[in-house]
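Could you slot chain B onto chain A? The hints should help.
Here the protein sequences line up with chains A and B, keeping their order. Residue numbers for the first sequence follow our numbering, so the first one is 1 and each next one is one higher. Residue numbers for the second sequence follow our numbering, so the first one is 1001 and each next one is one higher.
There may be inaccurate statements among the hints.
Stated by the list, open to error - In the PhoX-like style, the derived pairs of lysine-lysine whose C-alpha atoms are separated by at most 25 Å in a straight line are:
hint, chain 1, residue 1, chain 2, residue 2
1, B, K1100, B, K1159
2, B, K1166, B, K1100
3, B, K1380, A, K96
4, B, K1215, B, K1121
5, A, K96, B, K1003
6, B, K1121, B, K1142
Derived by calculation from the structure, the hints in this document are not laboratory data.
These are the residues of each chain, in order.
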Amino acid sequence: MIHIRDVAKIHHRGETEVHALRGVTCEIPTGSFTFVVGPSGSGKSTLLYLIGALDEPTRGDILIDGTSLHDFSEAERDRYRRDDVGFIFQSFNLLKNLDAVDNVLVPYMPGGITGERRHRATELLRCVGLADRLDHRPNQLSGGEQQRVAIARALLKEPSLVLADEPTGELDSETGAEVFGYLRRLHEDSSATVIVVTHDERYIRPTDCILRLRDGHVEEPDPVDTPSAPIDG
Amino acid sequence: MLKFAFRNLLSRPVRSLLSLLGLTVAIVGMVGLFSIAEGLDRMVSSTIDRIPGLVAMQPGAPIPLFSRVPAAWGTEIARVEGVHAVSPEIWQRVNAIDGKMIVSPPRFLFGTDIDAHANLKFSIYRDAMLPERGEFLVSADKGTMHAVVSRQIAEEFDKDVGDTLKVNGHNLTITGIYHCGSLLLDVAIIVDINRVRAMTRFDPSSVSSFYVEQKQGVDDEDLAERITDEFRGRELDTWKPSSLVAQNGSGSTVIDFAVRIEEAWKSFGKKRPADNSPTKSEPDDKAASLPETAPDTADSPPTLAVDDDLPLEVRSAASWADRFEKMSSDLDIFLLLMTGIGVTVAVLSIVNTMLMSVSERIIEFGILKANGWSRRDVLKLVIWESGLLGFCGGVLGCLFGLIVTLVVNALWPERLDLYASPQLLTFSLCFSTALGILGGGYPAFWAMRMLPMDAIRRG
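Chain A with its partners taken away, still in its complex shape (with noise of 0.2 Å):
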């Protein structure tokens, strides 16, 4: 379970404050897939990568099964990026200079690149449709093709946690709709916690859970109500 208990984070842009969340309280059951929907600029984003360790709160605390991040030290901030989350951009955020294997082994880079774990980011590329797309760079791929190497980066991992930031916001529907298919075969095999921040909601299904906030806050209780219009991934 994630515990979101009080988050507020206020971003500083020159002398004027940004009060991007205003006190988020919330759970996330482990194993979920999570949808953090909302208007652009109500704090979804910012909560994701709270989430994910990537900033820090102003103030409240975030619990992972427990653990507060807050309590985490550098070393396990890195630890728990680098094995427990799998990140998924809206740009993608691939390196130019990597090809797609490599991109995919990223996270591995600094400890050292077994054959094993080689193997297995082929295989994944593989299972994302991209086995003829290997040694290609990123400016070589699609921006569905990108977005695949990016979920494939994620798995690699075989994370308790992943995190999709607008996954499909650069991509078209169909694209969007494949992505999405990934998603969900990842969250089924694997049992692991999803959230993804989107402002499609066509994508939600009845069983997720759904957060929503505005201007900071949450607007309803979690886990909240089935989406109007779901479409299946």
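The following block gives chain B in isolation, referenced to the frame of chain A:
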């Protein structure tokens, strides 16, 4: 990670190349400049190593060319316990050969007492005679215009044994050709001492120096001290560098440089009379108790200080080496300053390259951190990149530097002897790599401190 760092550099080829070239040029300069010092060091060391005996000469004279001592002292030196043989020598600069003015490389008339020379067990020139290229001077050559010349001189003037060489207007007949393989030694035209006196109007009662060969098992320093003590209290003008150098500059950049360094050392380490008048020895008890050299202190370099109360200075191979070491350390400081300029520019270039690279890749560092890279990992990546630049710049710099020294040596074999030792090349490579790492340090630190969230947001 190394592969990743390499790819990152390749992704900005022009910038990386320019930075690499900047460092390469700096390292080429470093190798080139220090190869001068190493070449000099090697040349002098190899030359000194070939001189097993002692040289007795006028105190303070940097080399025998600038020395004058009474010829009669040779007999007294020969009587000192431990002396096996004494060979009087006259050194005079050659101004013209076959109508060609000699400036650089310099050539010297070396007048030797042929009979005394024959008594030496080891003779640099005699032992370096080329086979089937004539013989060294023998008793029959006394009083004649026979000469033994170096292979360099013979080749320069297209001469061989039996040919005539016109030196300072005098015709000499070449009877032998030697080759020592040292720029400092292969400069002599060896003639009977009395003929040199006549040719150069050298004072008949003086010689430049005495080459003293010790008996087997005799310690150099002990013998030098005994000879010096033998002459303590005698009167002899000390050498006056300002006048002699002005009149008799050797014509060799290397030798003149050595003379000037020595002059500077002495003026630094010792006060001279204001009127620059000849300093006479005063054989009183106080003077007699003075050591040959002053104590070794930082303010007064010991072996280069001149004791005016000693009319004769006896130098062993060790003291020659010591003198040269001090001169070369000064040269090293000069070269270090020169190299420093190039190195500073190269480091700034690397810092600039890496700062630009880092600032352009903020998102990338955010992605890496989001994927579990620690601050240290990011630091290592940037350091790897700058270190690679440094290493490659070092490899290229050493390679081109080595080529430059070989080309220069091939182009001017009689004038220059540059030497880039394996130690110099290794040091340059390590230094270059260290510079690269240093240059990438600040940008790496900057990249390391960025929060992943901030980095990704900027994207």
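Hints, one by one, checked against the model:
1. B:K1100 with B:K1159: holds (14 Å)
2. B:K1166 with B:K1100: Cα-Cα ~10 Å, so holds.
3. B:K1380 with A:K96: Holds. K1380 of chain B to K96 of chain A sits at ~19 Å (cutoff 25 Å).
4. B:K1215 with B:K1121: holds (10 Å)
5. A:K96 with B:K1003: holds (14 Å)
6. B:K1121 with B:K1142: holds (20 Å)
The structure shown violates none of the earlier numbered hints.
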